[in-house]
Amino acid sequence: MGQLVVNGLALGSIYALVALGLLMIFNTVQIVNFAQGQLLMLGAFIGITGAVTHELPISLAWLATILAMALIGVMFMLLVYFPLRGRPPFLVVLTTIAMGIVLENLALIIWGPLPVSLPSPVRGAPLRFAGVVVSMHQVAIFGTLAVILLLQFLLLTKTRFGILMQATAQDLHTARLVGIAVNRTIAVAFALGAVLSGIAGLLVAPLFLAEPTMGGSLGLKGFVVSVIGGFGNLSGAVIGGMFLGLIETFGARYISSDFRDAYAFIVMVAFLTAWPRGLLGEKASEKV
Amino acid sequence: MWRNNNFHGGLAAACLLAALSSEAWADAANCPAQIALGLTTALTGNLALLGTQARNGVEFAVDDINAAGGIAGKKLQLSTEDTGASSTDALNAMNRIIEGKPLVIFGSMISPHVFAQTESATKSETPFLVGATNAKVTAQGSKWLFRSHVHDGQLATLIPEYLVKTLHKTKPGIMAVADDYGLGASKGIQAALATLNVLPVAVTSYAPSDKDMSAQLLEIKDKGADSLILFGRPADVTLVMKQMGDLGIKVTTIGNSSLVAQTTLNNLSAAEADGGLAIGGMIPQTSTDAKILDWTKRVQEKYKVPADNFTVSYYDTVYLLKSIIEKVGCDKGAIRDALAATRDWKGLLISYQADSAGDLAHTLGIYRNKGKTPELIGSIKEAGY
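Protein chains in written order, with this note's numbering: chain C, 367 to 654; chain H, 66 to 450.
Rather than coming from a laboratory, the hints here were simulated on the basis of the structure.
The beta-carbon is built from N, C-alpha and C at its ideal position, and this holds for glycine as well.
Careful: at least some of the hints might be erroneous.
To be verified - If you anchor each label on the Cβ, the simulated ranges turn out as follows:
id	chain 1	residue 1	chain 2	residue 2	range
1	C	P454	H	K236	56 to 62 Å
2	C	P423	H	G449	56 to 62 Å
3	H	G289	C	I463	42 to 48 Å
4	H	T153	C	V488	42 to 48 Å
5	H	S144	C	I463	29 to 35 Å
6	H	G449	C	V488	52 to 58 Å
7	C	N549	H	N331	41 to 47 Å
8	H	K252	C	N549	53 to 59 Å
9	H	R161	C	V513	49 to 55 Å
10	H	N131	C	L444	40 to 46 Å
11	H	G289	C	V513	39 to 45 Å
Kindly generate the complete structure, drawing on both the sequences and the hints.
Quick look at the structure:
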């Protein structure tokens, strides 16, 4: 039982990391980026290229990945968001789905179909207590999630830039009229959203290997988690992630492993129907 | 005098050989200048790792044959269509290939795709050579379909037998990928265990996109399994074996060739891989034959992907086709008849023999990982072969 809880929470933390990247963009431009999972995949492969192919120290590979992902985030905005700005949101959302497919196939061409492992940034014997094993990498995932949640919260609520982002999200035209550099704000939001996905990719690859199609399922789970937590709410995303991780793990153990993926979507539909605001957020049906 | 007789004897033998040889090539000489072959396989999507092995095997053989002068001087021309991961796309890919009027079509190892394509291939009256492992693939009643890889029906019988009779394990847990391939095998394994009076302590599965299999592994552990029968693809089998190591689960693990595939072992530590057993299509890495090892190295160098059991079987299939075209020429019906009459045709690692259903492969390898190195324990033949 204890092991299931630990593994469920570790899995949920990964979903929460994906959701935090998703929300960084959503909280600025009100667009759900369905290519967030593929950005995660890119982060994993860029990390592998640095740490495995070019044998860089893992810290340097992480740094290079974070910088590359920031750049990719800005390019993503220029290619996907800017050309369709002002058009119906569903067009942008559809384009993010298309871009996800493009990124997946691009990764297949560049890195090939082989699954590859990335070394963990932390080493050491796993922690053991009462028959429960917690690997150091799982500890690193919990720690990274906590730090990112805190930093993101501080950025959005305690910094001038965070307030600019919120203003941009609430009314883009008014924000521009009052002198906010809207384009720069949006660019930073996309860059940070991609960086968060990249970090999630760097943490996922040592656990689950990296392969070009890894992002599809994780991206969707990130979306589900956001709905459960309450779309737009950072703490809700983390709680939603943990909740979903536990539901999947316990469902697979005690109900049936055949429907593990289905649990996520059953829970999402249940929330949208009975509790559309999610655990801590606004009404999801208005947001999506 | 003796020397003279010997000379004449040799000359006669040479003439006979030349005559036989030219007779053998006489039909092939009537083939078009470019012999068109078609291939549909998954090159994108989440089945790309599997699908590229078919492409690598066929393409490598075609390149080798063309580099050696082709078939009776006629070059092979391969057209490839990507099926992606969808059966609908697989059918569309097949229809595009058929429009090119190929002499022979190679299908992939992905059974749902082959099921979707068989009717079109059959209607076009073109030999359809596949590696798809669902036992029912050759039971569709198509006289044009042949399979050059061992199938799940064979594995589902042999793995439980080996586990119970040789390894003396009587409390197995089963874990399989939840798709046509894995679930079909899981059912077959449960039926085979039942005939051995063994009931699995847990039967679990995971979705092809699943990354965390710890819940299933903990169930198997909690229910006291003394062994694990694992059926999956290299990527997910790697995760299962890694997670077994993380959770400290140490039971005899036996499954399909994915357990000993190089693509699996590359991502495991020696401790995680050690002791894993597999029964399945023959893999080239364990061969002691220098030619096979050189072939394996050349495939790796060209495609940056290690050759596996599928690469071998697709490569063999093209050479089998070459030997048939040399005998019967480029008539589709004659090629089909010759495929159906295949007897003891020697491929890279095994001999092929057609049965009445169209299955050509009946020999499987038994492997065990010593650290990260797979070792061939022995080969095993399907009953009757």
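Hints and how they fare:
The supplied range of 56 to 62 Å is met by C:P454 and H:K236, whose beta-carbon atoms lie about 59 Å from each other. Range check, C:P423 to H:G449: Cβ separation about 58 Å, and the 56 to 62 Å hint holds. The beta-carbon spacing between H:G289 and C:I463, approximately 46 Å, falls within the hinted interval of 42 to 48 Å. The given range of 42 to 48 Å is respected by H:T153 and C:V488, whose C-beta atoms sit roughly 44 Å from each other.
For H:S144 and C:I463, the Cβ-Cβ distance of about 30 Å falls inside the hinted range of 29 to 35 Å, so the restraint holds. Between H:G449 and C:V488 the CB atoms are about 55 Å apart, so this pair conforms to the stated range of 52 to 58 Å. Range check, C:N549 to H:N331: Cβ separation about 45 Å, and the 41 to 47 Å hint holds. For the pair H:K252 and C:N549, the beta carbons lie near 58 Å from each other, so the given range of 53 to 59 Å is met.
The hinted range of 49 to 55 Å is satisfied by H:R161 and C:V513, whose Cβ atoms lie roughly 51 Å apart. The hint said 40 to 46 Å for the Cβ distance between H:N131 and C:L444, and at roughly 45 Å that hint holds. With their beta carbons about 41 Å apart, H:G289 and C:V513 fall inside the hinted range of 39 to 45 Å.
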